[in-house]
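In order, the protein sequence lines correspond to chains A and B. Note that this note's numbering gives residue 245 to position 245 of the first sequence, counting from 1, and the numbers run on in steps of one. Note that this note's numbering gives residue 135 to position 135 of the second sequence, counting from 1, and the numbers run on in steps of one.
Just so you know, the hints here were simulated from the structure itself, not pulled from any lab data. All values reported here derive from a predicted model rather than from experimental measurement. Ideal Cβ positions, reconstructed from N, Cα and C, are used throughout, including at glycine. Be a bit skeptical, because a hint or two may be false.
Claimed, not checked - DSS-like, lysine-lysine: derived pairs with alpha carbons at most 30 Å apart: (1) Lys141/B <-> Lys265/A; (2) Lys150/A <-> Lys37/B; (3) Lys242/B <-> Lys265/B.
Said to hold, decoys possible - Here are some chain A residues pointing at chain B (derived, C-beta under 7 Å): (4) Asn98; (5) Glu142; (6) Arg145.
Each chain is listed here by its residues.
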Amino acid sequence: MKNLLLALVLGTSLWGYGEGVLYWTPHGCDTGKTAASAHGGHGKGESAMFAAMNLEGNATARLVLPDLSLKELRFNQNTVMLPAPKLGGYYAMVAESNVSGNVYSAIRYLSLFGRPAKVSPTKLTALPKTVLEIVPDPLHREHDRYTGSKTYRFVALFKGKPLPNTPLVLETSRSGAKTYESGSDGTAEVTLPDDFENVKPGRGNKPSEFLLTLRHEEGGIRYVTTFSMPYSPNPNNHWQSLEWGAAAAATGFLGGLFFYRRSRKGGHNG
Amino acid sequence: MDKFLTVTALRRVVQLTAFFFFVYGATVFTTFYTDDKLTQALPALSCAYDMKGGDYCALIPLQHQMDHRVSTLFTEHAGIMQALMGTAITVGTVALLILILNKAFCGWLCPLGFFQESVGMIGTKLGMKQLPSLSAGTVNKIRPVKWFIFLFLVLIFPLLTGIGLLGHEWGSPFCSICPSRIMTTLAVGDMSQVYISQAGWGYFALSLIADLLFGLMVALALFVRQPFCRICPILPMQTLFKKIGLLRLVKNGSSHCEGCSNCVKACPMDIYEIGAPARNRDITHTDCTLCGRCVEFCPHDGVMSFKYGPATILTSSKESFKKRVKIDKWWKG
Chain A
1 MKNLLLALVL
11 GTSLWGYGEG
21 VLYWTPHGCD
31 TGKTAASAHG
41 GHGKGESAMF
51 AAMNLEGNAT
61 ARLVLPDLSL
71 KELRFNQNTV
81 MLPAPKLGGY
91 YAMVAESNVS
101 GNVYSAIRYL
111 SLFGRPAKVS
121 PTKLTALPKT
131 VLEIVPDPLH
141 REHDRYTGSK
151 TYRFVALFKG
161 KPLPNTPLVL
171 ETSRSGAKTY
181 ESGSDGTAEV
191 TLPDDFENVK
201 PGRGNKPSEF
211 LLTLRHEEGG
221 IRYVTTFSMP
231 YSPNPNNHWQ
241 SLEWGAAAAA
251 TGFLGGLFFY
261 RRSRKGGHNG
Chain B
1 MDKFLTVTAL
11 RRVVQLTAFF
21 FFVYGATVFT
31 TFYTDDKLTQ
41 ALPALSCAYD
51 MKGGDYCALI
61 PLQHQMDHRV
71 STLFTEHAGI
81 MQALMGTAIT
91 VGTVALLILI
101 LNKAFCGWLC
111 PLGFFQESVG
121 MIGTKLGMKQ
131 LPSLSAGTVN
141 KIRPVKWFIF
151 LFLVLIFPLL
161 TGIGLLGHEW
171 GSPFCSICPS
181 RIMTTLAVGD
191 MSQVYISQAG
201 WGYFALSLIA
211 DLLFGLMVAL
221 ALFVRQPFCR
231 ICPILPMQTL
241 FKKIGLLRLV
251 KNGSSHCEGC
261 SNCVKACPMD
271 IYEIGAPARN
281 RDITHTDCTL
291 CGRCVEFCPH
301 DGVMSFKYGP
311 ATILTSSKES
321 FKKRVKIDKW
331 WKG
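Make the full structure from the sequences, and use the hints.
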């Protein structure tokens with residue numbers, strides 16, 4: 001019951017975001033956070049419980065582990081609880097549903113701590129997971145995060161092949177939808193907005209969520225897939241100054257040249 | 001062609017190749033991800049902040065392990081294995097690499113070392129008067145700094161951060177001031193690491209020191225040999241294992257050595273100790289980067305040598321000395 005209420009609250013707060021498409025979002029409830037802390041992961045405070053929004057029909061969910069093996073996930077209402085990870089590295093959460101001939105899918109990646117899998121994360125992202133798929137190229141590196149004002153590349157794939165000239169829609173809870181189009185090789189470069197409010201200097205700013213949606217129709221079947229991940233404010237837009245940094249480096253350089261002048265005048269060896 | 005074939009020429013080729021691998025290697029040899037790096041514990045300043053790098057230095061995992069794992073011995077009464085296994089793997093990897101190449105990681109493979117030498121070459125070509133050597137007094141004053149940096153910025157401050165006695169900014173303080181972080185990220189077109197942080201006094205101080213140090217290092221490298229290498233905390237870490245290194249600098253001095261000191265003048269780290277008499281002895285000093293210049297510039301047959309295990313792989317000779325001096329004169333104009 002508590003989970004259902006929380007899912008309702010979450011759904012209300014994200015009204016108008018990801019409307020009508022299936023996507024993953026962290027549940028953020030106490031149970032999920034407790035489980036996440038027990039996981040001891042790299043999830044940067046992300047919950048271990050996730051909700052599949054707009055879940056309808058006969059839905060399935062599975063986890064692709066860092067060693068590329070599969071584990072079925074069981075929905076409780078529209079939520080899944082991740083098992084404690086044995087392997088460390090990137091995991092892919094995949095949800096699929098079939099509603100009135102329309103095929104919906106959602107993918108989300110997360111990094112968890114555990115015994116090294118000895119399989120490159122490139123193999124996880126390259127592994128076909130759904131018929132229509134948005135593949136991060138690359139997914140941000142371990143210990144890194146998606147950041148506002150930065151540009152990332154994604155590949156639109158249909159049945160494992162690049163999908164050219166197709167719109168990818170970017171949504172966040174604070175900015176309106178923005179449409180990007182994949183090029184002839186299926187890739188699109190997407191710039192995340194730095195649309196955070198009341199940003200505090202340093203750590204302690206909670207990440208927000210972005211959602212990419214890709215739609216394609218073939219053989220009378222409508223395919224819709226999403227890619228959702230957290231993103232954070234860009235420090236260089238808020239509490240770090242590149243200009244002052246360059247000025248400090250220039251000051252250091254001038255200090256070095258001062259030593260050079262002194263060494264020439266003094267003519268000594270140090 | 002043979003007249004240009006010297007140890008330094010060979011070293012430049014190796015350094016350039018290593019620079020491309022360690023700074024841009026992810027674009028060709030490895031991939032973008034940490035999991036795919038070559039060793040993740042390189043005893044040279046190849047930076048993890050460079051997203052296109054082929055490997056990263058041992059100091060970043062060491063600081064993280066002190067902060068997040070070793071500290072659990074005190075905060076969570078964690079088991080020895082759980083708290084120290086990561087550090088043992090990193091240190092063990094470093095020991096293995098030192099066994100293979102000893103301190104040549106500095107003189108032959110370090111991207112920051114190569115960068116400083118390249119800036120030095122630019123300084124020479126700009127006609128800037130080069131400081132031939134620092135005085136013994138200056139060298140002795142500088143030497144303890146690297147130990148201070150290694151003990152406090154790589155080990156103690158991160159450990160105190162993990163225990164909760166220092167703020168988060170002290171979790172990886174060496175990386176916060178390391179010029180390699182700025183140099184390698186700039187080399188891949190990423191300007192984001194040249195910043196002043198306003199997140200707190202600690203962040204502000206570390207970011208200011210980093211930028212000043214980087215600018216100072218570039219300017220000093222124009223006329224002083226290897227300015228940052230003299231305080232680099234990689235040297236003390238390598239020193240812990242240098243006795244097991246198969247590659248070493250051996251001196252079998254003769255009476256000619258007295259009053260010569262060519263090896264000391266050639267040494268970019270100003271190691272005065274290598275000029276002292278020695279009989280078939282390993283003289284690989286803590287500050288030595290195994291660059292081989294002392295072997296090249298020794299005018300006496302068989303006095304200075306590089307040995308790999310029992311085998312002599314390079315030895316000084318009158319002939320190679322003459323060739324090297326000729327090239328040096330040509331280069332300096």
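Here's how the hints hold up against the structure:
no. : hint                  : verdict
1   : Lys141/B <-> Lys265/A : 22 Å, holds
2   : Lys150/A <-> Lys37/B  : 24 Å, holds
3   : Lys242/B <-> Lys265/B : 23 Å, holds
4   : Asn98                 : 34 Å, violated
5   : Glu142                : 4 Å, holds
6   : Arg145                : 13 Å, violated
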